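Q: For the protein sequence lines, the chains are Z and V, in the order given.
Take 1 as the starting number for the first sequence in this note's numbering and just add one per residue.
Take 307 as the starting number for the second sequence in this note's numbering and just add one per residue.
These aren't lab readings, by the way, just hints derived from the structure by calculation.
There may be inaccurate statements among the hints.
If the Cβ cut is set under 7 Å, some of the chain V residues that face chain Z in the computed set are [what the hints assert, rightly or not]:
#1 G314
#2 Q315
#3 R326
#4 K354
#5 R441
#6 E447
#7 T448
#8 S528
#9 L529
Residues from chain V that keep clear of chain Z, each with C-beta distances beyond 12 Å, as calculated [stated by the list, open to error]:
#10 T316
#11 G322
#12 I325
#13 S327
#14 L333
#15 L338
#16 K380
#17 T402
#18 S437
#19 V440
#20 V445
#21 W452
#22 S490
#23 P542
#24 V607
The structure displayed is predicted, hence computed values, not measured ones.
Even glycine gets a Cβ: it sits at the ideal position worked out from N, Cα and C.
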Amino acid sequence: MIGAALITRHLVKRRGRQRALDGLSLSVPRGSVTGMVGANGAGKTTWMMTVAGFLRPDAGEIDLLGGGPFDAARHAGRLAILPQDSELPLEDTPEGTLFRFARLQGLTAAAARRSVREALEAVNLTPRARARIRTLSHGMRKRVMVAQCFVGRPEVVLLDEPLNGLDPVEADRLRRFILGRRGRQTIVISSHNLEDIERLCTHVAFIDKGRVTRMDSVAAITHATDRIAFTLADEPRDRAALAAAVPGATFDWRAPARLLVCTFDGEVGDVASVNRRLLPALLAQTDVLAVASGLSLEEAFLAQPR
Amino acid sequence: MRALWHIGQTALGEWGGAIRSRRALVLLVLYLGAAVLCMNGTISVLGKMETELAAVLQLPDTGETGVVSASLWKSKPFNRMVRSVVGESPVLDDITGRHPVELIYAWFVFLCAPLLAVLVAGTRISEDLRSGAVRYMLVRETRLEWSVGKYLGQAIMIAVALVVSAMGAAVVTFCRLPSGTATSLFLPLINWGLRAWIYSLAWLGLALGISHLTRSPGRATSLGIVAIGIFGALSPVVDFLCASKGAPGVLTHLRMLVPAGAEMSLWRFSAVPLLSGSFHLVILGLTYLMAGAAVFCRRDV
Numbered sequence: 001m002i003g004a005a006l007i008t009r010h011l012v013k014r015r016g017r018q019r020a021l022d023g024l025s026l027s028v029p030r031g032s033v034t035g036m037v038g039a040n041g042a043g044k045t046t047w048m049m050t051v052a053g054f055l056r057p058d059a060g061e062i063d064l065l066g067g068g069p070f071d072a073a074r075h076a077g078r079l080a081i082l083p084q085d086s087e088l089p090l091e092d093t094p095e096g097t098l099f100r101f102a103r104l105q106g107l108t109a110a111a112a113r114r115s116v117r118e119a120l121e122a123v124n125l126t127p128r129a130r131a132r133i134r135t136l137s138h139g140m141r142k143r144v145m146v147a148q149c150f151v152g153r154p155e156v157v158l159l160d161e162p163l164n165g166l167d168p169v170e171a172d173r174l175r176r177f178i179l180g181r182r183g184r185q186t187i188v189i190s191s192h193n194l195e196d197i198e199r200l201c202t203h204v205a206f207i208d209k210g211r212v213t214r215m216d217s218v219a220a221i222t223h224a225t226d227r228i229a230f231t232l233a234d235e236p237r238d239r240a241a242l243a244a245a246v247p248g249a250t251f252d253w254r255a256p257a258r259l260l261v262c263t264f265d266g267e268v269g270d271v272a273s274v275n276r277r278l279l280p281a282l283l284a285q286t287d288v289l290a291v292a293s294g295l296s297l298e299e300a301f302l303a304q305p306r
Numbered sequence: 307m308r309a310l311w312h313i314g315q316t317a318l319g320e321w322g323g324a325i326r327s328r329r330a331l332v333l334l335v336l337y338l339g340a341a342v343l344c345m346n347g348t349i350s351v352l353g354k355m356e357t358e359l360a361a362v363l364q365l366p367d368t369g370e371t372g373v374v375s376a377s378l379w380k381s382k383p384f385n386r387m388v389r390s391v392v393g394e395s396p397v398l399d400d401i402t403g404r405h406p407v408e409l410i411y412a413w414f415v416f417l418c419a420p421l422l423a424v425l426v427a428g429t430r431i432s433e434d435l436r437s438g439a440v441r442y443m444l445v446r447e448t449r450l451e452w453s454v455g456k457y458l459g460q461a462i463m464i465a466v467a468l469v470v471s472a473m474g475a476a477v478v479t480f481c482r483l484p485s486g487t488a489t490s491l492f493l494p495l496i497n498w499g500l501r502a503w504i505y506s507l508a509w510l511g512l513a514l515g516i517s518h519l520t521r522s523p524g525r526a527t528s529l530g531i532v533a534i535g536i537f538g539a540l541s542p543v544v545d546f547l548c549a550s551k552g553a554p555g556v557l558t559h560l561r562m563l564v565p566a567g568a569e570m571s572l573w574r575f576s577a578v579p580l581l582s583g584s585f586h587l588v589i590l591g592l593t594y595l596m597a598g599a600a601v602f603c604r605r606d607v
């Protein structure tokens, strides 16, 4: 990942007297999968719509792929978006719609056909490729909407709640597909499902009241490299033994969850070595029921100051 | 070139979508039905009138609709009488001698063209704004390309409707009139359909221009119908004002801002007025469209 694919600086968008975006600054690393996390009305969707050129910002700057704000003449085929609450042409077929989109993106007829076939396969819609969109279920329509984002391999893809409305099997398929795009395309995902964000994303931005409150890699936000949480059967009584096993680490016992959180820095060692040294000392005192590196993204988000 | 390519792609997609949409097909069938009924009714009524006229004038009844009217139309005293009522008019010169069935069909298609444009196309843009479908397009082409593509797609759709209705009317003439007369009427009917299409382009621009302004298809249709009423009324009002003494010259120019101002050029058979009128109407339609598109280019979608 070199440089940023998308930068917004001090972006402001007013809706009446409210500020949907209140100086939102964000830099999305090229090739990353970046999650946008925030409460309802935090500004995630407004940000995506503004970046895609659907909404006119009242102030601020957008730099998409080094070419300034979105302009179809410059960026057609380089940016794709899965917008919220937007229907595809109901009378057309998934294949026909995607082919038309691909041609508009500048693909040749042969390349468009190939790309459409791949996109429909990725969302498991090949058998319904020639059905009218009107006849498709809600989940299937959603999959067509996702597929159109990947036709022609655009460099930046904005996905607003991509897994909403999908059944577990299709949601899992889409997760694996997005994971496969890591490093090849820059993807921004907005979702309230933090487990999905944690699984899919390399970076996360917390959004609150139209501003970014924190932006970092998932590993840094969840302390995946400097914290281990052990779920234990009982509280370990001999803390000195633990400290002797990992000198320099600190231990925090959270009784209600029966969780022992071990925090350390890079000089103490990495997660694997700390775990290797600490486990025997713990097992000598109690049963270890689960081990997890870092916090969950949900815990990290809820721990944010508001 | 890229812009033209995008416009063409959108126009084709729009036309395909209109063909697949049941509503467009229903309107097409209704329009065809109306043209067939109009033609059939015209032939019946004209036939009865001519029979009665022949009886009053003690002329032999030819049994063919239009022959008496055509003879009357061509007679100099009748021609003088008409001119004394409507005044000297180049349009009258051009249409004198044409078959009455043909002229009544022309009147019908010119009357219906604005409504057809508003009902078929008036909601196309507002529907896409409401459903959000426009967003999938606007990351792939500019707003202006999209608007012009929509205009062309709908223009093709209306052309199909008018040609199909002309064919339907021609079929009626073949069923109701002697084959020689029907054959001679076939091309004129298609010709009037194409003239009405050019006339409809101005109304189409107006309907789509209005459609840019609202997300509600119902409101877009209502506004389109109101615009037909206002623009339709404006022309005779301006004519009346122009006829009065001391009327400012600007009124004449004002008349040219509405489609009806150039409508009569399409009733001419001389190349110069016909072409200049056609050009005027196309530019007028594009101006209306661009006015709506200018607002659309600045609004949030």
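Q: Against this structure, judge whether each hint is valid.
A: Here is how each hint holds up against the structure:
1. Because the beta carbon of G314 of chain V sits about 10 Å from the nearest beta carbon in chain Z, more than 7 Å, this interface hint is broken.
2. Taking 7 Å as the C-beta contact cut-off toward chain Z, the hint placing Q315 of chain V at the interface holds, the least distance being around 6 Å.
3. For R326 of chain V, the suggested interface contact is upheld, since its CB lies about 4 Å from the closest CB of chain Z, less than 7 Å.
4. Proximity of K354 of chain V to chain Z is violated relative to the hint, the smallest CB-CB distance being about 45 Å (cut-off 7 Å).
5. Interface hint status for R441 of chain V: upheld, as the beta-carbon distance to the closest one in chain Z is roughly 5 Å, under 7 Å.
6. Given the 7 Å rule on beta carbons, the hint for E447 of chain V holds: about 5 Å separates it from the nearest Cβ of chain Z.
7. At a threshold of 7 Å, the smallest CB-CB gap from T448 of chain V to chain Z is about 4 Å, leaving the interface hint in force.
8. The restraint placing S528 of chain V at the interface with chain Z is violated, with a minimum CB-CB distance near 23 Å, outside the 7 Å limit.
9. This hint is violated: L529 of chain V has a C-beta 23 Å from the nearest C-beta of chain Z, more than the 7 Å allowed.
10. Look at T316 of chain V: its CB is around 8 Å from the nearest CB on chain Z, not clear of 12 Å, so calling it non-interface is violated.
11. A Cβ of chain Z approaches the Cβ of G322 of chain V within 12 Å, the least distance being about 7 Å, so the stated non-interface status is violated.
12. Against the 12 Å criterion, I325 of chain V falls within the reach of chain Z, whose nearest CB is about 9 Å from its own CB.
13. Against the 12 Å criterion, S327 of chain V falls within the reach of chain Z, whose nearest CB is about 5 Å from its own CB.
14. The claim that L333 of chain V is not at the interface with chain Z holds, since no C-beta of that chain comes within 12 Å of its own (minimum 14 Å).
15. With a least CB separation of 21 Å from chain Z, L338 of chain V remains clear of the 12 Å interface cut-off, as annotated.
16. Interface exclusion of K380 of chain V from chain Z stands, the closest Cβ pair being 51 Å apart, more than 12 Å.
17. In this structure T402 of chain V is separated from chain Z by more than 12 Å, as the shortest Cβ-Cβ distance comes to about 47 Å.
18. For S437 of chain V, the shortest C-beta to C-beta distance to chain Z comes to about 4 Å, within the 12 Å cut-off, and the non-interface label is violated.
19. Non-interface status of V440 of chain V relative to chain Z is broken: a Cβ of that chain comes within 12 Å, the nearest being about 8 Å off.
20. The non-interface label for V445 of chain V is inconsistent with chain Z: the shortest C-beta to C-beta separation is roughly 6 Å, within 12 Å.
21. A beta-carbon of chain Z comes within 12 Å of the beta-carbon of W452 of chain V; the shortest separation is about 9 Å.
22. For S490 of chain V, the non-interface assignment is confirmed: its Cβ lies about 40 Å from the closest Cβ of chain Z, beyond the 12 Å cut-off.
23. For P542 of chain V, the requirement that its beta carbon stay farther than 12 Å from each beta carbon of chain Z is met, with the minimum near 40 Å.
24. Under the 12 Å C-beta cut-off, the non-interface status given to V607 of chain V relative to chain Z is violated; the minimum distance is some 5 Å.
Figure legend: structure checked against the earlier numbered hints; hints not met, in rising order: 1, 4, 8, 9, 10, 11, 12, 13, 18, 19, 20, 21, 24.
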